[in-house]
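Residue numbers (the working numbering), protein chains in the order written: chain A, 1 to 320; chain V, 1 to 345; chain L, 1 to 501.
Hints are not guaranteed to be accurate.
[Said to hold, decoys possible] Stretch by stretch, here's where chain L covers chain A in the computed footprint (C-beta under 8 Å, at least three residues):
no. : segment
1   : 173-184
2   : 189-197
3   : 296-306
[Claimed, not checked] Chain L is nowhere near these chain A residues, computed Cβ spacing over 12 Å in every case:
no. : residue
4   : T13
5   : N28
6   : F106
7   : L155
8   : G159
9   : L256
10  : T258
11  : V261
12  : I292
Since the hints were derived computationally from the structure, they do not count as laboratory data. Quantities reported herein were computed from a predicted structural model and do not represent experimental measurements. We put the beta carbon where it would ideally sit given N, CA and C, even for glycine.
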Amino acid sequence: MNQKYWPLLATITVFIALFVIGGSMYNNFLSTLVLGHILADNAFIIIAAIGTTFVILSGGIDLSVGSMIAFVGVVMAVLDSAGWHPLVTIAMMLAFGFLFGAFQGFIIDYCKIQPFIMTLAGLFILRGGCFMVTLDSVPIKHPFVKMMASTRVPLPGGGFLTTGAMVMLASLVIAIIIAHYTRFGSNVYAIGGDRESARLMGVPTRKTTVLTYATGGIYAALAGVVYALYTSSGYPLAATGAELNAIAAVVLGGTLLTGGVGLVAGTLFGGMILGLISTLIIFHGSLNSAWIMISSGILLFVFIVMHRFLIGSFGRQKLS
Amino acid sequence: MSDISQNNTSMGWFSAIIRHRSTWPIVALCVILIVDGFISPNFYEIRIVQGRLFGNLIDIMYRAVPTALVAIGMALVIGTKGIDLSVGSIIAICGAVISWRIHAGDTHFVILLYALGAGVMCGVWNGILVAGMGIQPIIATLILMVSGRGVGLLINSLYGGTNPSFESPLLQGLSTGHIWLIPTRLFVAAAVFLGIWLLIRRTALGLFIEAVGGNASSANIAGVNARFITFLAYVICGLCAGWAGVIMTADIHTSDPISVAMYIELDAILAVVIGGASLAGGRIYLGMTIIGALIIQALTTSILISGLRPEYNLVVKAVVVLFVLLLQSANARQAIATIFSRLKR
Amino acid sequence: MTGLGSPRVELRNIHKSFPGVVALDDVNLSFQPGRVHALLGENGAGKSTLIKVLSGALAMDSGQIFLDGQLVDVTSTTAAQAMGISTVFQEVNLIPAMSVVKNMALARNNGRYGFISWKRARKDATDRLKRLRLDIDIERPVGSYSVAIQQLIAISRALEDNTSILVLDEPTASLDAKETASLFAVINELKSNGIAIVFITHFLDQVFDISDDVSILRNGQLVSTDQIKDLTRQDVITQMIGRELDEAEHTAADKSNFTAGKDMLVAKGLGRHRTLAPFDLTLRAGEVVGLAGLLGSGRTEMVKLVFGAIQADAGSIEIDGVKMPKISPQKSLRAGIAFCPEDRKAEGLIGELSIRENIMLSMQAKRGWLKRVSRKEQEKLAEEMIKALAIATPDAEKPVGQLSGGNQQKVVLARSLASTPRILLLDEPTRGIDVGAHAEIIALIRRLCADGMALLVASSELDEIVAAADRVVVMRDRHKIGEIDGKEITRDNIIQMIASQ
């Protein structure tokens, strides 16, 4: 078994274990219905996390994700009331996400600013941008959105896939292709693994960094679109702290926060684990949301410590 | 840096002041306050109402206290080349602990100790992860950041009820009371500042933190116990966040783990950076960190009185961060210089 | 010059300087096709800088590079690769966490529109590895293979069809004898294909085993270029470390009143697996022990083991007859040992801090963080040290990173002395500093010794050891191979010992 799949294996094991625990506690838990709901509820966070996966693989971090989701939603909602067709605004917002990410990536690389700080500024700018656009929750009423929200593909066993879930799965496939079948994908892994070596091996580090954050940006924007369709509204306080959930999903998915190691597919399961935990706790009824945070934290701790000790076996230490 | 020092002799005191690291943050603060004076004619007015001072200047200091407290601890952690993302969660936990012990009927002084102790324990946890296990600070403190507010909720649920409110003369006195016309929390902040300043500058702790942040392996070979020093920085940061927790919780006299001190870690980091310290570690500027916290609050207050929506605050803050960071970046400075020289031609 | 036909690559008048250091000073070199050209020199002699310039990883300040007689402009590693200059850098050459095939395909065009054709990439990787007769699973991460295999993977990645010169930077640094032999087989085969090979190493045996030409660099200057058949081991060692001292440096060392005092530090069987074979060492009061050997012989490791900067896994240390339970930098400092590391930037100084702060750091660490040295005492101490060691600075508040190399070295020395040690360990105390400062430091070493201090001085400058030491420990291949003292301490004797098989 290839070592690089161990963390993913751990993730999938945890996911299945949680699912089975749920099944043993509640009737009807082990069903495509529950699975479909988890997918629908967490589609936007998983999409955002996929973008974050690229950023983290490259050795960076993106905190602007949550604000981007809210900003996209708010702009879509306001343009909707102005009579624009959602497809036009969607295309516009995706382009905006790409450009904004690229801008962040450029500043990070050119000015040698820590990604943490630059994307923190991005978080402020976009959240502030939301408030500048509107202070209220604005509904999106266009029939197209209603249609998208109600479209469902039935699954065997009574479950169904929502539009958001399908978009999520499609974007996951695209991300896997980008990560594993393009030069850009390889370059991301390389600069995350060892930036200096990558440079000496001929990887264009600046271009790769800019494109990485641009990818993070477009995925965050897509997450915003899915979230807006899911809630049929735009709200400036939406998705507060979503960037943390996205990072947690990436880490639980087996990607090293130090960069260079991880699989995009893992992020799907990482996000599903987070969704499963909240579903389990909501099913329980008497437990409150405290446990969602605490159990996420504990899982995060376990995975981070596990990664800490796995690093050695990946031979990341320098030859001396 | 080196090109500056070479012209040392030809520089007068004026350029020395211009180039001093403290000058620009202080100028920035003054500019903000002067602009405020133009926006609102009675900006500088200070009145006495109900036995205490009121006015915009007092208000800026009053509101800056929590950020300043957290930023003091953050300055030490950043000095070690680290970062602590969990301070907001620590504040939430402290609030929950206060509320819990009040319901348990402890005396208020003991409750204060409990709250600060909770902050210290959180710092110990972060310190063990960073200094003991060698996990990157940003990752290690993320764990408490994600779960800490949940721990707060859990403590609340120990005795039932969400966001329980309480009354505590001692704690509320510390937070919202006043002594000789002056808000008590300013004394608290001053005491914490003085305490930490004495701790780092009257012992060798400050020097050791700067040595570890500047070059950990050099410091280790010079005989400094880098791990212990790093650990201590996180513990102190926890303690400072504990104080901020006391002030903030007593202010709203309720434990509200979900929304208390949202984004305070970002403000605190910002205050440290505006104060002139680099995130790359190696320097602690405690006094300038306070100036940084005041700048952030002064910006917020100016936006309020200027009639702009308070939400513009975030964007303004972001622009300030970017501006400060661009000034710190050699590449960007060079680019700006090139643009200017082209414009001159 | 060797004068064998037309050179494949010729470097003319190469200059490169970094802030505070001249790394390459007017270097002229040429590499012939079908020959292995060894580059020798101590740390900081300029070998790595030279090949970084040649391979486009660093821009030179001035000079010219000719490839097959044509003046070329090497702007990046990719450009160099395209011209046929292939380089395998020391340490940084592959991404360990990525699979072999991914490493091979990295930054290469195969497939359209930015996609990678894994089918072609796999075939390409297999072909490349086959050229070096390497049969490995290309899907496994590079980091999971031994260092030897990693080296071969890196070489096969670097080799193109048009490669005319292959540069190998310390390829054998972490290989055992068998692995080295298989690497040499590959080198010999490439050589027979007419490729010029530049081989950087610190293993003298290997130089004689494989190379045809030898060039020696010292302090950024080319000392000599010869054919290996015209050289003996003694010649090479002499050229590397046997520089004649200047008059000033000779007079600086005065050993007339030498009397060895009592044993202060006794190491028994101290060692660490794969780092340094167990050794015994005694340091006595009023005696300077010199540590001689070539680069990589274990000089630095011995000093660090004694100080506890590297943890020993065997043996023990007694100080004044009392066994130290655990050796760590903090404990050593308290026991009265001070250490000046070889690498000032990485392990010695804290560049942002001022001269004063750097000087008092160890002394403060010895006292503990609670008992702060007052500002007044600090200033007094700094002033004293600046005066005593003649550190050239306007004042004690200047950040240490802005000082010149020699003054930085003096600050590190000052820090050690400020901790009032009884035992002083110096690793390369005169590395990269000018002649004047050189003599001052040797004089200082003798003065400290006369005051009853025990000193251990590791140095790559043989004459420095001859001038300063009362007893010399000789190292080779990570072993202590002997000690000589008194009248026996001569250049020739030491070179003989190092060269003997």
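Cross-check of the supplied hints:
{"no.": "1", "hint": "173-184", "in the structure": "holds (count 4)"}
{"no.": "2", "hint": "189-197", "in the structure": "holds (count 6)"}
{"no.": "3", "hint": "296-306", "in the structure": "violated (count 0)"}
{"no.": "4", "hint": "T13", "in the structure": "holds (22 Å)"}
{"no.": "5", "hint": "N28", "in the structure": "holds (42 Å)"}
{"no.": "6", "hint": "F106", "in the structure": "holds (20 Å)"}
{"no.": "7", "hint": "L155", "in the structure": "holds (32 Å)"}
{"no.": "8", "hint": "G159", "in the structure": "holds (35 Å)"}
{"no.": "9", "hint": "L256", "in the structure": "violated (8 Å)"}
{"no.": "10", "hint": "T258", "in the structure": "violated (10 Å)"}
{"no.": "11", "hint": "V261", "in the structure": "violated (5 Å)"}
{"no.": "12", "hint": "I292", "in the structure": "holds (32 Å)"}
Violated hints for the displayed structure, listed by number in ascending order: 3, 9, 10, 11.
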